[in-house]
Structure formats: structure tokens, C-alpha cells
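Undergrad: Model the placement of chain C on the given structure of chain D, informed by the hints.
What follows is each chain in one-letter form.
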Amino acid sequence: NAGVTQTPKFQVLKTGQSMTLQCAQDMNHEYMSWYRQDPGMGLRLIHYSVGAGITDQGEVPNGYNVSRSTTEDFPLRLLSAAPSQTSVYFCASSPWTGVYGYTFGSGTRLTVV
Amino acid sequence: GQQLNQSPQSMFIQEGEDVSMNCTSSSIFNTWLWYKQDPGEGPVLLIALYKAGELTSNGRLTAQFGITRKDSFLNISASIPSDVGIYFCAGQLAGNQFYFGTGTSLTVIP
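First to last, the protein sequences are chains D and C.
Yeah, the first sequence ends on 114 if you go by our numbering, and it's all consecutive.
Yeah, the second sequence ends on 120 if you go by our numbering, and it's all consecutive.
Extracted from the complex, chain D is given alone in its bound form:
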């Protein structure tokens, strides 16, 4: 049971480049979400999905797109990378009820130069 798998683990982008951060879970969880973690700011919600075909914005959605075509996958797309998007990105999932909290992936460390 792999849990939540994120790829890549590290990435360096030039300003203006686009890329997709991958997230996959094998626990049949309905709910999936993306967070970014910045020093002193905790975890901030970017986008989330309550099931295949349904996505919504979180606290800091600008500059990011998501889609949820399957229950297992929830990719995060950076449309035109900016230095302000340098951060550590975490994908998380949970069963719909969510009362037991989220299972997190191990993160993607992104640097935009």
C-alpha cells in the first residue's frame, strides 16, 4: 500500500516555464488537496477536490490549475512559474468524511529561478 505518491521530489524551473506536479493515491480516497508550505506560514490550501470531476479553489489558488479525471490522480499545474512559487508542495488525501485527517505525500520541493 503506497499511500500518497508525489513526483518529482525536487524540481528547478526558470521563470515563465510551466510544469505539472503529480499526485496519486491508492486508498480510494474521495478527497484530495494540494498545499504549499512556506517558512513561518504553515500549510496553505491551493486547490482541492471532493471527487472525480469536481475541483475547487483554496486559500492561494492564483497561478495554479488542477483537474481530477480519476479518483486516484490529482495533478497540480503551474501555468507560468514565478519566483513567488518557490515552495514545498504537499498533496494530501482522505476519505470523504475527513474526520480522521489527511494522509500526506512526502512533498515536492520546487525552486523557481
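I should point out that these hints are in silico values taken from the structure, not numbers from a laboratory.
Treat the hints with care, since some could be wrong.
Stated by the list, open to error - If we take Cβ atoms under 7 Å as the criterion, some of the chain C residues that face chain D in the derived model are: (1) PRO18; (2) PHE22; (3) LEU43; (4) ASP48; (5) PRO49; (6) PRO53; (7) LEU55; (8) ALA58; (9) GLY111; (10) THR112.
Beta carbons: idealized from backbone N, C-alpha and C, even for Gly.
TA: Just chain C, lined up with the frame of chain D:
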């Protein structure tokens, strides 16, 4: 978004000491969670609390759901080097969204 204030921001303690940290909010939460994040890894759930006043333990960790439902506390007894990491609180208002605190960084000096 919701503001969860976590304190202290960082702690440096001697091995064997007890640790206390807390999380406060202006909002009333239905659920409180405590996570630990090891360097280079994602947060891992330590304790979940579901009703006001609840006191729950997980080994040397004890957490409490504040009676006002606006705060929560985490205590670690007899700290050991592997307790090093960042501890996050998270509160659930409704639905499936959790709001995270800014974290408490714990350093244990052997």
C-alpha cells in the same frame, strides 16, 4: 483563510524534559488534529480530538481539545532525540477542510 496561532514558534529543550505547545483560534472548531513533520517528509497524524474537553494520549504524547473549542494543547513527556521535528495543529470547521497552524519547531538536545 482561518488563522490558527501556534505557540511557541520554536523550542530548544534537553532530552528528558517535558514539552508543551498550544494552538488558538478565533473560530470554533469541530475537530482538532496534531501532526508531526520530520525533515524532508510530509506531516504524519499523531492525535485526533473530536469533542470539547477530550483528552487523548498516544504514547508519550497527550493532547486536549479546549473546552471553548477554540484551542488545543499538545504535551510530550520525557522527550527523546527522535521527537525533533515540526508539530502542526489543524482545525476543522465543517465539511472536509482543515486549517493548519504555523507550526512549532522542536529541537531536542541530547
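Undergrad: Confirm or reject each hint.
TA: Here's how the hints hold up against the structure:
1. PRO18: Violated, about 13 Å.
2. PHE22: Since the shortest Cβ distance to chain D is 17 Å, the answer is violated.
3. LEU43: With Cβ-Cβ at 5 Å, under 7 Å, it holds.
4. ASP48: violated, 10 Å
5. PRO49: violated, 11 Å
6. PRO53: holds, 5 Å
7. LEU55: holds, 5 Å
8. ALA58: holds, 6 Å
9. GLY111: Holds, about 6 Å.
10. THR112: holds, 4 Å
The structure is inconsistent with the numbered hints 1, 2, 4, 5, although it conforms to all the rest.
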